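Colleague: Based on the provided sequences and hints, a complete structural model is requested.
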Amino acid sequence: MKITGKVWKYGDDVNTDVIFPGKYTYTVSDRAEMGKYALEDLDPEFTRNAQAGDIIVGGKNWGCGSSREQAVTCLKVRGIGAIIAKGFARIYYRNALNEGLPIVVSPEAVDALEKGQEVTIDFDKSEIVTAKGTFKFPPYPDFVKGLIEDGGLIPHVKKSLGL
Amino acid sequence: MENKVLRGKAWVFGDDIDTDLIYHNKYLAETDPKKMPQYSFEYLPGKENFAKEVKEGDFVVAGTNFGCGSSREHAVYCLKYAGVPVILAESFSRIYYRNAINNGYPVLFVKGLSQAIKDGKIKDGDDLEVDLEKGEIRDLTNGNSFHGDAVADLEMDIMKAGGLIEYLKEKAVSK
Amino acid sequence: MGKTFAEKVLGKAAGESVSAGQVVIVEPHFCMSHDNAAPIWGTFKKIGVDKVWKPDHLVFILDHAIPAPTDKHAENHKQIREVVKEQGIRYFYDVTSKGGVCHQIMCEEGFALPGLIMVGSDSHTCTYGAFGAFSTGIGRSEMAATWATGQIWFRVPESMKITVKGKFKKGVSAKDLILKIAGDIKADGADYMSIEFHGPAIEEMSLAERMTLCNMGIEIGAKNAVCPPDQKVLDFIKPIAKTDEWEAMWADDDAVYAQELNYDLGDIEPCVAKPHTVDNYASIGEVKGTPIHQAFLGSCTNARIEDLRLAADILKGKEVAVRTIVIPASWSVFRQAMKEGLIDVFLDAGCVITNPGCGPCMGNHEGILAPGETCISTANRNFKGRMGNKESNIYLASPMTVAASALKGEISDPREVL
Amino acid sequence: MGKTMIEKIIRRAAGREVKVGERVWCRMDLSTARDFGGANCVLQFEEVTDKKGKVWDPDKVAFTFDLQAPSHSEKVSTNQKIIREFAKKQGIKKVFDVDWGIGQHVLLENGLVKPGDVILGTDSHMNLLGAVGAFATGVGNTDIVASWFEGTNWFRVPETMKITVNGKFAKGVCMRDLLTHIVGTLGADGMFFLSTEFYGDTIERSSLSERITLCSMVTEMSGKIGLIMPNGKVLDWLVERAGDEVLDRVKTLAADKDAVYCQELEFNVDNLEPMTSCPDAPDNVKKVREVAGEHVDQVHIGSCSNGRFEDISAAFEVLKKANSRVAPGMRAIITPATREVMLQCAEAGYIQKFLEAGVIFTNPTCALCTAEHYGALPSGDVGMSTTNRNFIGKVGKGSHTYLASPMTAMATAIRGKITDPRDILG
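Chains as they are written, first to last, in this note's numbering: chain L, 143 to 305; chain W, 3 to 177; chain X, 3 to 420; chain E, 711 to 1136.
Some clues are possibly wrong.
[Stated by the list, open to error] The calculated SDA-like cross-link candidates involving lysine to any residue, where the alpha carbons are at most 25 Å apart (straight line), are:
| id | chain 1 | residue 1 | chain 2 | residue 2 |
| --- | --- | --- | --- | --- |
| 1 | L | 301 | X | 154 |
| 2 | W | 36 | E | 757 |
| 3 | E | 1030 | E | 1062 |
| 4 | X | 167 | X | 261 |
| 5 | W | 171 | E | 724 |
| 6 | W | 113 | E | 757 |
| 7 | W | 36 | W | 51 |
Simulated from the structure, these hints should not be mistaken for laboratory data.
Remember, predicted model here, so these are calculated numbers, not experimental data.
Modeller: Written out as structure tokens, the structure is:
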């Protein structure tokens, strides 16, 4: 799998409250609608203009804070192709894999990328191609690969239960 | 008020339509009157489509005690800014009546309207012609006609000034 | 070679000896969900399984917005009641005077037990480590999958050992310690790790203080945080334990740690986390005098009877200068506070005391901030927009610092009013 | 020809003799707004005065916060902030923030209401202040703004209805039941634009909270105001709160013997039974017996109509007699009207007992009456509450509500289905 998209770049410790504000956690239950509030308190420009296929680039500890899965769902339903970060908070990492939203850890690629640039992620070769060079990232552990191949945790569970 | 004959479609309501049905308390925090029409009649079964489908010039037609309940002026704004030019009702509740007048928003008191609505003599979607000055209301769809009384006394003066604030300003100037 | 707490607990559950880095699949014990049980149920149904794996392992506790403020919240609660009925869920805490903030209920009702693996669809599930449990927060899909299969995967985490000695000085409490740790190692300082609290000072601490510490483990990125299941814990849980499947487990003395930190409580002083990150540490001296519009004493971090006592001591006989919202962590805390006359102290001081629940902590309920407003809070997060508006500011602090600040209408040093 | 109470009140406020039907400009004694409507008032005032306006008398303007106290939405928080800042700028000291409780009750407790006062507020139940002989009325924001210019506003001098109530309530029956009975008898527009004066030995014996209950529901019959002459303990209480001027006011307030009433009604409560307003209108009234056994999901005791200490005490008596808990699956919520009431409940030991029985106690506020606050109902749920409106969808789309007395509400909470409190009280 290989994806190419335009970069939206952010700093360190971007938390789930700015990705998907808590006040919507019980008033918005429709998945598609969640996309409307993505990054509302971080970057209103993103909220308005993000396109399907765009790629988010973050610093360390992306998605720290709450366990709310909407912080992944809201990006997924906007069609965000992947998130490249220096690191992910634990629950966010799990939630992203469970939702089938590709996430990649590569501090070098993050430093090489600026907002608006194009970036290509080649999952087969485990590399990120930027204007400043190509960077390798560690491949997913086998277990995680299985999850992603099945399209997320729920389809994975269905498959394993034979449903 | 200029004498003009208005034409539009009727949205017909029964008696005792309260302010929660006109403008639900859920949206009370709104402070911009122009944003209020989107919530009109959201909680009134059968009229949930009003906010989306009402056209500028359409009339609100109701029975007795229209606007009973809360003091919220939102319930006037949400119709005024939806472009409803006048409310026709057999009677209005007290606070609603004041709020309408205070905004220079025309209302007509139409005798027998409550029964006429119950008897189906005026129905949702009927084409109406309303002469505000003369108080003549004609249902062009079925030929029925009604008479409505405008406000009088001080209320008429306030209405003519365009609302209570404007009235008080005029009064202050003339002093 | 010795084992860490995480290696021992996960190893026992996996039925093999495990070390950090390994992935294990285990059956968790209690699985806690709050108001989000309804959306989880929606996902669960998509899997195509009819029954949850063990109804008695599920615990539902309504707390995020109770009683329901809007019909959407009400619909959500109603769905949960229907699931409870349909699936025969025994442990359900509805909008009644038995409830409260989910993590508080889990601890005071005997669900949080030593050696149990527990998950919750809330990030502060790590609180139960105060009772020696291995507990961690997960997302909604993962919870749905767990209900269906009774299984969850974990990468056995590396561990961080934090050893604490000494005694708090007057006006200083566990919240100040954890804010100091967050400031030192930053919000990702313990990413993916299991934090173990060791040392004589931890043994001295009340269970409430340990809960405050473990609760905020997530704020430094940890998978879980845990204190030793000592006699204090055992005395507390034995009469109330909801299962006898627990086992007091602790790390070996020669366990291997990825990182070790040492703190002396005597060095800790009153402090805050400045907007907009939990690791934005400042000593009280640096921020003293900052004007505030609201003070909030509540949340799963600091709203237990011990916290209320500390705040009431400061507020007794005085009047607050800003609106001050007090939300006890549970109804049993509320009732205890009432018995001790603390509710009267708060009301006489001009505080609003609301029914137990999460309140304004995540921007859902009682006490949302307006643009440009500043709040000092005993909760656990000060992220931008967390309490409602992105143009507002939140300072995190201890109950004593919050109470002292409420009195003056500006951030204040509790040592000056004690 | 004699004058009614409202004619005398308006005469004082207008400074001249007045006739029924006349439009009259009156001086305001107090012009108040809540966190509902208050921000609209402030923004409108600032707009029409180009931010240069000064309210006529900062001591006669008050703000109360009870719509969402504390707020749970950014919009309401912002509205509250707008009000606080305006009050500061204008030197308005009477700001009763989120820690106080329901507006009218807070004004009363703070001695800001005297018999004969003319008071405006952005709350349709302002007229419950008629319980102490004040003419208070709910209005929209424009009326409030207009009154802030020169402290005046206009009223039509209304006709007056006279209601005389005699007899003693049987055990389990109270003022709320009488009121419900009256609403059922007269209908939603039964007091259309009228002032109503209440007389008779039942009224003379009644407590302040009973009078408040009675006058609060005048709105549900589209009345302008319900008025009761303060006497006995109510008068003592008022003097204690609002000072000796109360006594002077009372002297000039009583209706003349030959006052003219447009309608006179008499009720006797000796044989009155517990009553309830069934879904979905206050005037859809039945005896509790007739609907007994109907399932109820949530019970709420509170609101400006029935949230005072006596109301909560009445509910407590039912709980005590039942010696039981709320029914399994039932949510029971009590919201005291004010902080003072909450403290009284704490002192009396009620809160502990209610909590032990499974009832939730919230902070003083309008609670579910304003929706967007404690106690919204999901579709299909049935509630019973001591509030004053049960219009369809008011507390949640697709839900339905019965209105009843605190005793009936508590009995229903205990049994999990609509219950006549006499079944418990014996």
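Colleague: Do the alpha carbons of residue 171 of chain W and residue 724 of chain E lie within 25 Å of each other, as the hint requires?
Modeller: holds, 20 Å
Colleague: Check the hint pairing residue 301 of chain L with residue 154 of chain X against an upper bound of 25 Å on the C-alpha distance.
Modeller: Judged against 25 Å, a Cα distance of about 15 Å means the pair holds.
Colleague: For the pair we were handed, residue 36 of chain W and residue 757 of chain E, check the Cα-Cα distance against 25 Å.
Modeller: holds, 15 Å
Colleague: Take the C-alpha atoms of residue 167 of chain X and residue 261 of chain X, compute the straight-line distance between them, and say whether it is at most 25 Å.
Modeller: holds, 18 Å
Colleague: Does residue 36 of chain W pair with residue 51 of chain W here, judged by a C-alpha cut-off of 25 Å?
Modeller: Roughly 18 Å between the alpha carbons, so the hint for residue 36 of chain W and residue 51 of chain W holds.
Colleague: Does residue 113 of chain W pair with residue 757 of chain E here, judged by a C-alpha cut-off of 25 Å?
Modeller: violated, 38 Å
Colleague: Tell me if the straight-line CA distance from residue 1030 of chain E to residue 1062 of chain E falls inside 25 Å.
Modeller: The given pair, whose Cα atoms are some 12 Å apart, holds under the 25 Å limit.
Checked against the numbered hints above, the structure violates only hint 6.
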